[in-house]
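Chemist: Residue-level listing of the chains:
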Amino acid sequence: MGATAAEKILARVGRKKSVKPGDIVYPEPDFIIMHDLHAHIFLRELWEKGVKELWKPERVMVVIDHRVPAHNVKTAGVHQEIRDWVDKFNIGHFFDINDTGITHMLQIERGIARPGNFIVAKDVHCSNAGAVGSLALPLIYDIPAFLALGSAWVRVPETVRINLNGQAKPGVYARDVVQASLAQLGYEDADYRVIEFGGDYVDQLSLDGRQILCNVVIESGAKSGFTNPDQKACDYIKSVTDEPFEPAVSDPDATYALVLEFDVAALDPQLAAPPSPDNIVSVASVAGKTVNQAFVGSCAGGTLQDLRQAAAELKGRRVASGVRLLIAPSTQRTMNLATQEGLVELFTQSGATVLPPGCSACAGSVAPIADGELCISTSTRNEPGRMGSKVDTEIYLANAATVAASAVAGKITVPTTKVAE
Amino acid sequence: MANSKITSKRDGWIFEGRCWKFGDNVPNDGGLMDKDVMSQLLEYKPKTLAPLVLNNIRPELAKEAKPGDILVFGKRFAHGNPHIQGSLGMQGLGVGLIIEGMQRTTYRLLISAGVPFIPYADNIRDFVEDGDHVRMNAETGDVENLTSGKKVSFEPLPSFLLEVIEAGGSQGHLDKRLREEGKIPA
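Chains C and X, in that order, are what the protein sequence lines are.
Residues in the first sequence are numbered consecutively from 1, following the working numbering.
Residues in the second sequence are numbered consecutively from 422, following the working numbering.
All clues given are correct.
In silico PhoX-like pairs for lysine-lysine, Cα to Cα no more than 25 Å straight-line:
| hint | chain 1 | residue 1 | chain 2 | residue 2 |
| --- | --- | --- | --- | --- |
| 1 | C | K74 | X | K466 |
| 2 | X | K484 | X | K426 |
| 3 | X | K466 | C | K52 |
| 4 | X | K468 | C | K49 |
Hints in this document: simulated from the structure, not taken from any laboratory.
Bound conformation, chain C alone (with noise of 0.2 Å):
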């Protein structure tokens, strides 16, 4: 009986010789890692109880994304003790604001993801690991014993296997496909799962693009995303790190809780309604509706690749009177490449904000929306309130191409151009 990659990474560092859905586990994580909002709370705590001394502080990773840079003297002071504790722990990989990005593109921009590893974290959206064959779990409220003692109980999720096939239309993206597939999933279907993509459209579907598949699965409650390493991903980690990784792959007789096979090909572009993402409907069923601020960014929009769909519709057009069109490159190396491009230049010239690499607008601490707005974005929730007034506002979340189409419009659009995933 063969295992599925998630299997055999639990295997190994929960040294087991092999381990089945249900099994309880300690394993023991290649990194943990925690970013601005809760390393302090927990360092802190830890501290407090008489821990002096992390498990194994070479495999922490801290990093300062949400408020990028600090907005108010509050945040200056979280962003102080930060780099207090990591000096007084020791910490390995600390992502200062001179050198930083969203923690879940980082990890694998730095190499801390690596094919086979296995990462647990404080945040849900570690997930974008998996577009490199990484395992990341949040273990969210578990986190300071992985840091004080290197393990805590872990139930072996099951595999859910999604075979994505066929080239998808102009205007669709990875995020139209993950947001469509998945709406083919009942609530039970995904629950404490990890949601494992192939087919040929993941083949050749870019890192970027792996990343979104793997990042969106968390709000149907699948427990991680995860794409096999091919190639393509270990030659990315060989060109970013020197470290060493085994790839763990699913075994072709792996057992997986539901095969769901979807046709790419089919599909029209999609976006997530109000109030919550699993509200999947067709971008055209809801065009027209005024648009008052747009945002390309976050950890589930902000790849190179979602930056050059957005320009493709961006390019010799001005963003609409009374729209605010945000940008936020993902990361600092990100920011870069763009500009290399001229992306960077295309996005002010039609009238385009570029933001601070970070997590940006995307909880809302920074270009909140006001009361009776309206705001498509690429980012990850669209609860009431997640990016500021919960009074009559509106969030649909979209490809960083219907985005940047909307905000030309003025009005949600259909995006109509395709730049290679």
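Please build the complex by placing chain X on the supplied structure of chain C, with the hints as guidance.
Modeler: Below, chain X without anything else, positioned relative to chain C:
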């Protein structure tokens, strides 16, 4: 009022008291606890959070519920972003939970917050009414409706997770492990 005669009490894993019955789809943010209140308070103490539990849905509950009371929830319990404050508040109230359905993230959240509960109790809502006098044993999964005289049993949480809850949740259990491993003084 029937419930005024009920004496609520908790003895180890046995909860006895008034039943507070809820439907499906009680959300975590905005249901178990108001999100704005959470973000303004930045507080993780169960006793401080207890008066804020379920205020948007049943404002009288946090004022009237007593340790030993039993909260019964339907499907998709506490769905949404896994903020822990609502669960910590329930620990602060000293109540026990019986839940028909929830995602595993919520399951882990309740354990992390040290809330005793009986999970995946199919059709529990056919068995109890709001205001009934109910007894539950979180260790055995047995539930008795003392108002109707009916008994029913469910699969309880595994013992290693009851140990986490008994220690007060993730934090308390970590303290226990740290003491056992000599990382902090006993």
